[in-house]
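Start from chain A and add chain B according to the hints.
Residue-level listing of the chains:
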Amino acid sequence: MIAFEHVGKRYGGRFEALAHLNFRVARGEMVFLTGHSGAGKSSLLRLIMRLEKPSRGRVVVAGHDIAQLHASQVPFYRRQIGVVFQDHQLLFDRSIFHNVSLPLEIQGVEPREAARRVRAALDKVGLLHREKALPIELSGGEQQRVGIARAVVNKPALLLADEPTGNLDPQLSADIMALFEDFNRIGTTVMIASHDLALIARLRHRILRLSDGRLVADEGAV
Amino acid sequence: MRSSATPKRRQGAALKTPRKAAVKPAVEKAQAPQRGARSQQTRFSSRLRAWGRHHRSMGWDSFQRLIRYPLGNLLTMLAIAIALVLPAALWLTLDSARLLDAELDESATLTVYLELSADDAQSLRIEEAVNAEPGVLETQLISAEQGMAEFQQSLGLDDALAGLESNPLPISMVVRPESVDPVAMQQLAARLEALAGVDEVRLDLAWVERLRNLAELGRRVALALGVLFGLGVLLVVGNTIRLSVESRRREIEVVMLIGATHAFVRRPFLYSGAWYGLGGGLLALGLLGLGNHWLSLPVSALAASYGASFSLPQLDVTGSTILLSCSTLLGWLGAWLAVTRHLSSIRPR
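Here the protein sequences come in this chain order: A and B. Under full-length UniProt numbering, residues 1 to 222 are what the first sequence spells out, in order. Under full-length UniProt numbering, residues 1 to 349 are what the second sequence spells out, in order.
Just so you know, the hints here were simulated from the structure itself, not pulled from any lab data. Only a predicted model underlies this, so the values are computations on that prediction, with no experimental measurement involved. The beta carbon of each residue, even a glycine, is placed where N, CA and C say it ideally should be. Among the hints, a few may not be true.
Have a look at the derived ranges for each label pair, beta carbon to beta carbon [claimed, not checked]:
| # | chain 1 | residue 1 | chain 2 | residue 2 | range |
| --- | --- | --- | --- | --- | --- |
| 1 | B | SER345 | A | GLU113 | 30 to 38 Å |
| 2 | B | SER247 | A | ARG10 | 31 to 39 Å |
| 3 | A | VAL60 | B | ARG53 | 46 to 54 Å |
| 4 | A | GLU219 | B | THR340 | 44 to 52 Å |
Counterexamples of contact, computed for chain B against chain A with all Cβ distances above 12 Å [to be verified]:
| # | residue |
| --- | --- |
| 5 | TRP51 |
| 6 | ARG53 |
| 7 | THR139 |
Stretch-level coverage of chain A by chain B, calculated; a stretch enters the list once three of its residues show a Cβ under 8 Å from a Cβ in chain B [said to hold, decoys possible]:
| # | stretch |
| --- | --- |
| 8 | 71 to 79 |
| 9 | 133 to 147 |
Chain B with its partners taken away, still in its complex shape:
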């Protein structure tokens, strides 16, 4: 293009504003109205395309800046990752605790003690009556002898109990309720206690309650930690972006002098922030995986020693996506806050 003379002259001409017709070359006359009409026609769509183009180029540009200083940026991302790993790990732990919680629900039962005078025939009638109550899922009778045997086994008091002349235990019944809601269970217990032949109904809600409360506490701690560490991510990204705004101050001043909008100036930094967030999120996923791998062996060995099989929970696709989008969003937000706060202090000289 540089070598040929004709296009060169045309380019020179195109620069001139078509105001003084006398000095305008012929080429210009033909071009000017055409250009005007075209820009009118496609103003909106071309602005939209320009906007998309700038987004693409800034996304790519900020990514390249990230790669240009790999170590420093990696450290920033690592800080973000660590801030994300802690609440995420706690959340995973609670998630597995919720599985345990479900198992606990399975074992939430009421124990119905019949009156001592009740014999086997009566106990069968009472069991029918209990089964007829709404909210009862299933029942299991435990004879006095069975009860004694279990009692002995669990306490190891064979000798002391052997000295007793007669079995002091009543016939009992284990009732599994339909609902493990504490209030519903209490109501059921009261109804069962009112039945003829029933001496007492015990329900061991206290430890179920305690565990529930513990789980709730854990959830709240995880949430609070999540919020705190989320703020931490904002600060880390915000500070990094603040420094990069500062280092590009001159450039910002110049583009503002020649008519750049705040959105235009902000865009590359927002992309940087989002990249930091995404990178931090990916690193966090890696750290979680690493931690899982590191802990899985002792955990399964421990579980096996209790005769249980338990494997550490892992972040599934949904969880990973949520983590990544949260971290990206946090990075973007941190950058937005930092740039917006900082831009007001930058005024072109």
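Here chain A stands alone, though its shape is the one from the complex:
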């Protein structure tokens, strides 16, 4: 699903965010990405989302060499990837329902079908009863779950999450992780960047450990 081959990423010609990255993530795998802040977790996710191109090496996601993607193809490429952001990136002037339906709106899904899928996603994250609320009326954990619902509403093959439990207490964090495990169980490839070591150690999935832009450990690989 994801293949990094000798990937390096420099910013502004000097700062080396990532160096000599080599790893593969198989379809249907669940992988944690960890390391201290500044280790390159976000840069790595940004490469997969094609917000950046690698300075060196190749990044291949779902069969696409992301450096070869034409700018006009990028939106369609991104639609295959669901992303959960640490700060949710919800739109605060729209209801929960409309936030979640945004990816479907962008893809032009027929409204009735879209509504059905949005309710399914909200039901999955346990927020169906809040569909008419505005994001501001929800707690941090609930907002994060809306973000997850939005990321999975178009059934992406790959689900990325950048510190999805960053601001949550342990119980909520465990709930969120359980949600990701549910999606992984039905075949979605999941990659989660997190520095909550205690939590991810308990979950027993593969862990990629980054330090100063290098892969220093690849634990529990299948």
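Just chain B now, kept in the frame of chain A:
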């Protein structure tokens, strides 16, 4: 829907991608292939419908945004309207000048002066000869006495002319040409001058020419003003749209993160621009009507004092349609330029 348990469970199931069959509920198995076939079959038409749907919803959405801040948007439209009114008014004025121009053409004539020795019989023969020339529409003989009378009347020199022993004026003839084209008139004049018994042919082209040039100048000024103020409309709309893009920056970043194309992001702004243009055009029409109403009384009074009837020109249906489509197009274009320029600077974080 929320209350019943069965559909709820089905919705949950529909979310799951059909990859691991073991955990898949039975409902899902039945649904998945069906859905796949359907989407294959109708991909193009459903994409077309989705496109139309998004256009409709963005058109409506941008219209509602317009109404939500009526004052600011009205000011923008007013700026557009003022920029449109000036060239439109000038154009209308020229349009009425063109009507005057047609009247001028009516009065474009040649004056043929016969030799002093010519008597009435000869003058009739010469008139026949002139009439036989191609390009002559009609002729009118003016006897020496008639000429004198007109001369006296126009100059008010009764006394001075009364002192003359004999009438010094020749018999003359006013010739109306078929064509008022200056070159054709000059050629005709040369031909008439070559006729026996004709002393001189005068044609007063200079003032016709001058008026023509003036009208042409006016047209060019109107065109230049139109282009300049059109650019002004582009700038006004462009700037407004730039601000609204800036204020929706976060939203744009988010939708681009989740796979929105540039066209998708651009669409609501293009509609806003078109609405601004249309609103500005309508306001311009209103202003033109108001100006017409305001000026019509003094203008008709002025015309009446010259013994003429003249009413200010009004924009007809065609003209109004042209104005509205131009302003809408300009609004759309201004928005397009602003969004396209601005989108390249917005990159999702």
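Against the structure, the hints come out as follows:
1. At about 35 Å, the CB distance of SER345/B to GLU113/A agrees with the hint of 30 to 38 Å.
2. Judged by the Cβ atoms, the range 31 to 39 Å given for SER247/B and ARG10/A holds: they are separated by roughly 34 Å.
3. A beta carbon spacing of about 35 Å between VAL60/A and ARG53/B contradicts the range 46 to 54 Å that was offered as a hint.
4. The given range of 44 to 52 Å is respected by GLU219/A and THR340/B, whose C-beta atoms sit roughly 48 Å from each other.
5. Here TRP51/B does not stay apart from chain A, with its beta-carbon only about 7 Å from theirs, under the 12 Å limit.
6. The non-interface label for ARG53/B is inconsistent with chain A: the shortest C-beta to C-beta separation is roughly 7 Å, within 12 Å.
7. With a minimum CB-CB distance of about 74 Å to chain A, THR139/B clears the 12 Å threshold, and the non-interface call stands.
8. Interface restraint, the stretch 71 to 79 of chain A with chain B: holds (6 residues with C-beta to C-beta distance below 8 Å; minimum three).
9. Counting residues of the stretch 133 to 147 of chain A whose CB lies closer than 8 Å to any CB of chain B gives 0, so the stated coverage by that chain is violated, three being the minimum.
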